[in-house]
Amino acid sequence: MQLTVWTYEGPPHVGAMRIATAMEGVHYVLHAPQGDTYADLLFTMIERRSKRPPVTFTTFQARDLGKDTAALFQTATRDAYARFEPQAMLVGASCTAELIQDDPAGMAQAMGLPCPVVALELPSYQRKENWGAAETFYQLVRTLADKTARPAPRDGRRPRANLLGPTALGFRHRDDVIEITRLLDTLGVDVHLVAPLGASPADLATIGAADFNILLYPEIGDTAVRWLERTFGQATVRTVPIGYAATRAFVAEVAAVAGTDGAGIGTTPGTSNLPWWSRSVDSTYLTGKRVFIFGDATHAIAAARVARDELGFEVVGLGCYNREFARDLRTAAALYGVEPLVTDDYLVVEEAIQALQPELVLGTQMERHIAKRLRIPCAVISAPVHVQDFPARYSPQMGFEGANVLFDTWVHPLVMGLEEHLLTMFRDDFEFSDASGASHLGGSSPLPPAGGVGGGPVELAAATEVTGPPLAPPAGGRGTWSPEAERELLKIPFFVRGKARRNTERFASEHNLTTITLDTLYDAKAHYAR
Amino acid sequence: MTPAVPALLPLPLPGCESAPVLRERGQREVFCGLTGIIWLHRKIQDAFFLVVGSRTCAHLLQSAAGVMVFAEPRFATAIIEERDLAGMADCNEELDRVVDRLLARRPEIKLLFLVGSCPSEVIKLELSRAAARLSVKHAGITKILNYSGSGIETTFTEGEDACLAALVADLDSDTRAAPSLMIVGALPDVVEDQFLRLFAELGVGPVHCLPARHAGDMPPVGPNTRFLLAQPFLGETARALEDRGATRLDALFPFGAEGTTHWLHAAAQAFGIDELHFRGTIAPARERAKRAIAHSRERLAGKRITFLPDSQLEIPLARFLATELGMQPVEVGTPYLHRRHLAHELALLPADTLISEGQDVDRQLDRVRATRPDLTVCGLGLANPLEAEGLTTKWAIELVFSPIHGFDQAGDLAELFARPLRRRDVLRV
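Those sequence lines, one after another, are chains D and H. The first sequence begins at 7 in the numbering used here and counts up one residue at a time. The second sequence begins at 988 in the numbering used here and counts up one residue at a time.
Among these hints, one or two may not hold up.
[Stated by the list, open to error] Straight-line Cα separation of at most 27 angstroms, BS3-like style, residue types lysine-lysine; simulated pairs:
| id | chain 1 | residue 1 | chain 2 | residue 2 |
| --- | --- | --- | --- | --- |
| 1 | D | Lys73 | H | Lys1290 |
| 2 | H | Lys1290 | D | Lys57 |
| 3 | D | Lys505 | D | Lys531 |
FYI, nobody ran anything at the bench for these hints, they're computed from the structure.
Produce the entire structure from the sequences given, and follow the hints as far as they go.
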């Protein structure tokens, strides 16, 4: 058993629901007890979808166990077909139904439904949401693809690509698809099929007619893409176009695979604002901001590259929750010289953030909980997400516009450019004082007088109380600070105070100093000066 | 001159008390009993809820609670994994290990509930035995109880019922000769305080609440305990209290001016309170409640409303809306119908109301589309799809999480139903 406060991924059948809900003309019959219908609200409330997910739950009860559940499944399946008349059906079991071993696959086959039926084997006690989504998409592609389909002869026509991986409840998937479709158009490439998002079983049948595949979300599409490579010999573009440089690399890779000319794209001024916004003098203050990154592997790895290379941050922590991509993440972590953090244990991530005291967290909704408690600025870069991560505005993560979005959304939580210097210069002015907080935090969030990264003794004490001791407690604890040094620490602006505290305590520990005096504070400052 | 005693019940008959009930068996769109943890963990402040279940249970809890909980919550899940399914002895050892780790991390926990889920029920993991075993191990520090919140046993609010019933079994015996009153059901503190003040003014007492706000303050129970259910979904808890000798006071549920009057009156009668004193004492609050709902009445009177089954609050709420706000209930669905506890309520519903129990969601939605009520009260999974079809909805969950009981919440309760209609009218998009 695993003790879990928050979880990063749902069960695998929720992954299957993300595929079914993304597509048209598919219906999923899920053998499950009534509580499992909660999953509907992920789509209708969190993603604000206007339609119910195309899922029928059998909602069996205790009194049905033993004799009636199999009949219940067959009735539900028959009724669902009659009501929705899908082009294809998915059948499967949730975690509880898996235990009662009704064999939805066998039962559905015996029913002889007049449409293709894909039986899903999703082991709930071993696997999780992303794996369930990938497996479901793979099974659908394998079952529905017309194996005789091949691309038409080129004869002067534009090359055609499949965009694979976007799903329902994905982090900005809809906007990414629009952005990448536009980008491909400027490259002279047409989109043959987007799948699973928006695709019908009939569309999936033609998947082999595209010249090549673009794998936008490896967590979802990788298994299917490997099968397509083997079956149709389609090439795959694997660069994920998140960030300016990655988008340039993506353009080059597409151009090479498609045999078109992508040389000029992205270099003309105005294609993306990120390079100039980053070089502009106002961005100087971004230099070396210490950032902690956690999310799904694809978004986390991309975020690290953008953070270091395109925003000038220092990556101090990098991790992902999906072990399937642990190798990719470890490789990336080596590039930044940080310890890779591959875990689905929220408490471990919390400990890491507390120990590292970053100045910015790029994470999921779960890291937003942590950052909020520790009063560290935070931006969300990956699922799992909250209703506010489905904004009304167009907000892709991919392509050149996506790079602009990243600049804005990651820089916004930090104190804005000149304001940071004003806080230092006019710190006795009540409008700029710590007590007023920073304007980007709403102006009305009073900050505690001292302590960690923008956090004070109250916050830290509370955090420690509920989460247990931090990984590496300060050398001598708070008591080793002399009152004089403590007062001086307060004169350091709150957004760097945590770093100053941490560095000073580390310095004291390394030099076996039991008391932190004014001199220790400034010795440490000199020691760590860059 | 006879004092003008207002009728405690609006003229009944012909009501729904013997009307046929449409019983349905199909897909249900109802949360399971685990969800009750979301407010129970806020109500009993030194309690912790450990669900023994699957990843789905953990995901459900955080999805249902995601927008409400920002600190580390006082609940968690012990996720059953593949290796736990291999052998039961191993599973119990694993559970002990998880509980030890949890209690080491959160030593302030006084009361720990092990909450059964669908998978733990199906693999027959005996949590009652585990609770007994762990209670001995952690004796003097943390009391450990268990109940089931599984979706194969309970719907949504039945989880609270199961939790409170588990508490009843553990209450001290009350052998005193004087009668005492127990308010049963987790109410927001502010509402609880209002009721306690009113009972004090009436001269009813001593009054206890179940659950208490702290694990150490749970009330005693005995043959002289009289109890009022504050929630209509507490069938098991009522039975457990009756098994321990307590007597249920039959009343309307305390929603709206009339419901609250009737509910308080049942206690006043049981404690021999003078009728005129009763009326004089509650008059100001009762009048205030009537004033507070008056402006919503203008908007709601004559409007047709359908409740889809969710919390078992549907029948008392439909009664309030029909008798005090002039709404017309079209269909009132409930996951489970407790006829005895709801007899007064049913009698006050208009006779042409369709009462349905259980659910076949697709068929029920067909009926909603056919009757097109002005307002549909439903769960979160259905609200946006119905809005997209042009139907105005009130999401049911707010009725469970908001203070809606008693005189001083009557206006807020009416407003919860009026707001979706007002919003529909003000929007120009």
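Do the hints match the structure? See the list:
no.	hint	result
1	Lys73/D - Lys1290/H	violated (45 angstroms)
2	Lys1290/H - Lys57/D	holds (26 angstroms)
3	Lys505/D - Lys531/D	holds (10 angstroms)
Checked against the numbered hints above, the structure breaks only hint 1 and satisfies the rest.
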